[in-house]
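Could you put together the complete structure from these sequences and hints?
Protein chains: 2
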Amino acid sequence: MAGSSINFGQIARALTVVENNLEGADSLLKNLTFYNLVPIIGITGPPGAGKSTLVNAIIENLLQRGSKVAVLAIDPTSPFNFGSLLGDRIRMSSHFNHPDVFIRSIATRGSLGGLSAKTIEMADVLRASGFDHVIIETVGVGQSEVEIAGLADITFVMLVPEAGDEIQNIKSGLMEIADAFIINKADREGADLFINNLKKILQQKDGELPVFKTVASKNEGIVDVTSFIISRPEWKNHRKELLLTQKAYNIIQQKMMAVIDKKKLQQDIAKALKIDGFNLYRFISEFERSV
Amino acid sequence: MAGSSINFGQIARALTVVENNLEGADSLLKNLTFYNLVPIIGITGPPGAGKSTLVNAIIENLLQRGSKVAVLAIDPTSPFNFGSLLGDRIRMSSHFNHPDVFIRSIATRGSLGGLSAKTIEMADVLRASGFDHVIIETVGVGQSEVEIAGLADITFVMLVPEAGDEIQNIKSGLMEIADAFIINKADREGADLFINNLKKILQQKDGELPVFKTVASKNEGIVDVTSFIISRPEWKNHRKELLLTQKAYNIIQQKMMAVIDKKKLQQDIAKALKIDGFNLYRFISEFERSV
Numbered sequence: 000m001a002g003s004s005i006n007f008g009q010i011a012r013a014l015t016v017v018e019n020n021l022e023g024a025d026s027l028l029k030n031l032t033f034y035n036l037v038p039i040i041g042i043t044g045p046p047g048a049g050k051s052t053l054v055n056a057i058i059e060n061l062l063q064r065g066s067k068v069a070v071l072a073i074d075p076t077s078p079f080n081f082g083s084l085l086g087d088r089i090r091m092s093s094h095f096n097h098p099d100v101f102i103r104s105i106a107t108r109g110s111l112g113g114l115s116a117k118t119i120e121m122a123d124v125l126r127a128s129g130f131d132h133v134i135i136e137t138v139g140v141g142q143s144e145v146e147i148a149g150l151a152d153i154t155f156v157m158l159v160p161e162a163g164d165e166i167q168n169i170k171s172g173l174m175e176i177a178d179a180f181i182i183n184k185a186d187r188e189g190a191d192l193f194i195n196n197l198k199k200i201l202q203q204k205d206g207e208l209p210v211f212k213t214v215a216s217k218n219e220g221i222v223d224v225t226s227f228i229i230s231r232p233e234w235k236n237h238r239k240e241l242l243l244t245q246k247a248y249n250i251i252q253q254k255m256m257a258v259i260d261k262k263k264l265q266q267d268i269a270k271a272l273k274i275d276g277f278n279l280y281r282f283i284s285e286f287e288r289s290v
Numbered sequence: 000m001a002g003s004s005i006n007f008g009q010i011a012r013a014l015t016v017v018e019n020n021l022e023g024a025d026s027l028l029k030n031l032t033f034y035n036l037v038p039i040i041g042i043t044g045p046p047g048a049g050k051s052t053l054v055n056a057i058i059e060n061l062l063q064r065g066s067k068v069a070v071l072a073i074d075p076t077s078p079f080n081f082g083s084l085l086g087d088r089i090r091m092s093s094h095f096n097h098p099d100v101f102i103r104s105i106a107t108r109g110s111l112g113g114l115s116a117k118t119i120e121m122a123d124v125l126r127a128s129g130f131d132h133v134i135i136e137t138v139g140v141g142q143s144e145v146e147i148a149g150l151a152d153i154t155f156v157m158l159v160p161e162a163g164d165e166i167q168n169i170k171s172g173l174m175e176i177a178d179a180f181i182i183n184k185a186d187r188e189g190a191d192l193f194i195n196n197l198k199k200i201l202q203q204k205d206g207e208l209p210v211f212k213t214v215a216s217k218n219e220g221i222v223d224v225t226s227f228i229i230s231r232p233e234w235k236n237h238r239k240e241l242l243l244t245q246k247a248y249n250i251i252q253q254k255m256m257a258v259i260d261k262k263k264l265q266q267d268i269a270k271a272l273k274i275d276g277f278n279l280y281r282f283i284s285e286f287e288r289s290v
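Here the protein sequences line up with chains D and F, keeping their order.
Counting in numbering that gives the first Met the number 0, the first sequence runs from 0 upward without gaps.
Counting in numbering that gives the first Met the number 0, the second sequence runs from 0 upward without gaps.
Be careful, since some hints might not be right.
Cross-link-like lysine-lysine pairs, in silico, DSSO-like; alpha carbons within 27 Å at most [claimed, not checked]:
1) D/Lys254 - F/Lys262
2) D/Lys239 - F/Lys262
3) F/Lys239 - F/Lys254
Chain D is nowhere near these chain F residues, computed Cβ spacing over 12 Å in every case [unchecked claim]:
4) Ala11
5) Lys29
6) Pro38
7) Glu59
8) Gly129
9) Asn195
10) Val214
11) Tyr248
12) Gln265
13) Gly276
14) Phe286
Since the hints were made in silico from the structure, they are not lab data.
All residues carry an ideal CB built from backbone N, CA and C; glycine is no exception.
Below you can see the structure in the form of C-alpha cells.
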C-alpha cells in the first residue's frame with residue numbers, strides 16, 4: 000500500500016481545476032502518472048438500499064487493511080428521486096477527518112451528458128494521487144448506474160430483498176453492468192429466497208456473477224466484499240479497451256461541445272423566430288456555419 | 000381539426016429515415032413545414048403509475064373530439080426499471096388500427112445522449128404530418144423525465160397517491176419540468192390528503208400548477224385533462240426559446256459526434272495500450288488531430 004502521506008489540499012485544488020475546466024486543467028490531465036493499476040470501484044443501488052452505510056463499512060474495512068481510499072460521491076438530482084440524498088452524505092462524514100480517506104461530492108443534473116466526462120477526469124486525478132482504491136458511488140436512478148459502469152473497473156450493484164417474485168423481471172441491463180451483486184439488508188425475511196432466485200437467474204443468463212450478502216448497518220458480510228475488491232480478477236484486455244473507448248468518447252464529446260456558446264445559440268434562435276417559416280434544421284445549418 | 004387522411008406508410012418511412020439517419024434525412028428535416036402550432040404533449044410518471052392506461056384514455060378522448068393523434072412511446076431500458084414495459088405497450092395496441100392514431104415506439108439505452116436528438120427529430124416529423132396532437136410518453140426513471148420536458152410543449156407529470164408524508168420531500172426539479180400534475184389512481188385511500196399536500200407545496204414553491212385527479216382504468220377525470228390540452232395556454236415566448244435552444248443543442252451534439260468513428264477509436268486505443276505509459280488525455284489529443 001502507498002507509503003508517504005497524501006496532500007489532500009493539493010488534490011482538492013486539482014479536482015476543482017478539472018471540475019470547472021480552469022486554466023491548467025488540460026496539462027494537469029495530460030501529465031497524470033498512473034504508477035500502478037488503481038482500480039475504480041463503482042457502487043450503485045436504488046434509493047433506500049442502504050448504499051451510504053455500505054460504502055461507509057467498506058471504507059472502514061479497507062482502512063483496517065492499510066488502504067488509502069478516495070471516494071467520489073455522485074448526486075444525480077432526479078426529480079423522481081425522493082428522499083434525502085444529502086442525509087446520506089452526512090452519514091459518510093465520520094470518515095472526513097481520517098488521514099487516509101478523501102471524500103468529494105459532485106452534484107449533477109447531468110442533463111447534457113457532461114457528467115461522465117468530468118467524473119472520468121476527476122476519478123483519474125484521484126487514481127494518480129497515491130490512493131489504493133477509488134470508490135465512485137451513485138444512487139441508481141436511470142442513467143447514472145449505466146454511466147458508473149462506463150467508469151468503474153468493478154461495478155457492484157446493490158439490491159435489497161423485496162418482493163421475491165419481482166426478481167423474475169430483473170432487466171438484463173442490470174446483469175450487463177454488474178460485476179458483482181451485493182444484497183444488503185440480508186437479515187430481512189425472505190432474503191434467502193430472494194438471493195436464491197437471483198442466483199438462478201444469473202446462472203441462466205450470465206454464468207457466475209458473485210452475489211454477496213451484507214447487513215451493512217451491523218457490519219456483516221463486508222469483509223467478503225473487500226476481499227473480493229482486493230483480490231479482484233485481472234482485467235480482461237477487451238473490457239479495458241471498451242471502458243477506455245467509452246471514456247475517450249465522453250471526453251471528446253465534452254470538448255467538442257465546449258465550442259457551442261449556449262447564450263449565443265439562444266439569442267440567435269430568438270432572432271430567427273421573428274422571421275416567418277422558422278425551421279429548426281435550417282437554423283442549425285446556419286448556426287453551425289457561424290461557429 | 001385536420002381534414003384529409005394521413006398517409007401512415009409514408010410517415011413510418013420518414014421516421015425510419017430520420018431514426019437511422021439514412022440518406023435524405025437532412026433534407027427531409029429541412030423541408031418540414033409546420034402549418035400550425037401542433038403541440039407536443041409530454042407525459043411522464045414513475046413505473047406503476049398507470050401511465051399507458053392514462054395515455055390510452057387520453058387518445059380515446061382526443062379521438063372523440065375529432066383529433067388526429069400521433070404517439071411516440073419512449074422505452075428507456077433502465078436496469079433498475081423492473082416490470083414489463085413491453086406489457087404496457089401491448090395495452091396501447093387497441094388503437095393500432097384506428098385511422099386517426101399513429102403509434103411508434105423507440106427503444107433506447109440512451110447512454111450517449113443521442114436519445115433526445117432523434118426524439119426531437121421524430122417528433123418534428125410527426126408535428127409536420129397533419130396530426131393535431133403529438134404525445135410523447137416515457138416512464139420516469141432518472142434522465143428521461145428531464146429530457147421529455149426538453150421536448151414537450153406541455154409536460155404532464157403523473158403521480159400516484161402513496162405515503163402522504165413523503166410528498167414533503169418532493170424534489171423541486173419535478174416542479175420545474177411539470178406544467179401540470181396528474182394524480183392517477185385517485186380512488187385510492189388517502190388520495191385527497193395526498194392531493195391537498197401536493198397543492199400546498201405547489202402554492203409555496205411555484206404558484207398555480209394545475210393538478211388533475213384521474214382514475215384512468217375507469218376513464219374518470221380524463222375529459223378535464225384533454226380539455227386542458229386543447230385549451231392550452233399560449234406559449235410564453237421565453238419558454239419557447241429555451242425549448243428550441245435545448246433542442247438545437249442536442250441536435251448539434253449529435254451531428255458533431257457523428258464524425259467520431261467509435262470502431263476506429265477503440266482500435267487506436269488497443270494499439271496505444273501496447274505502449275508503456277498510456278495516458279488517456281494525451282491519447283485523445285492525438286486522436287482528435289486524426290479526425
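Here is how each hint holds up against the structure:
1. D/Lys254 - F/Lys262: 19 Å, holds
2. D/Lys239 - F/Lys262: Within the cut-off at roughly 15 Å; holds.
3. F/Lys239 - F/Lys254: Satisfied, since the Cα-Cα distance of roughly 22 Å is no more than 27 Å.
4. Ala11: Nearest chain D Cβ is 20 Å from F/Ala11, so the label holds.
5. Lys29: Check fails; 5 Å does not lie beyond 12 Å.
6. Pro38: 16 Å, holds
7. Glu59: 27 Å, holds
8. Gly129: Holds: least Cβ distance 17 Å, greater than 12 Å.
9. Asn195: Given a closest Cβ separation of 18 Å, the condition holds.
10. Val214: 22 Å, holds
11. Tyr248: 6 Å, violated
12. Gln265: Per Cβ check, F/Gln265 is inside 12 Å of chain D; nearest 4 Å; violated.
13. Gly276: Its Cβ does come within 12 Å of chain D, the nearest being 8 Å, so this is violated.
14. Phe286: The claim is violated: F/Phe286 sits with its nearest Cβ about 7 Å from chain D, within 12 Å.
In this structure, the hints that do not hold are numbers 5, 11, 12, 13, 14, in rising order.
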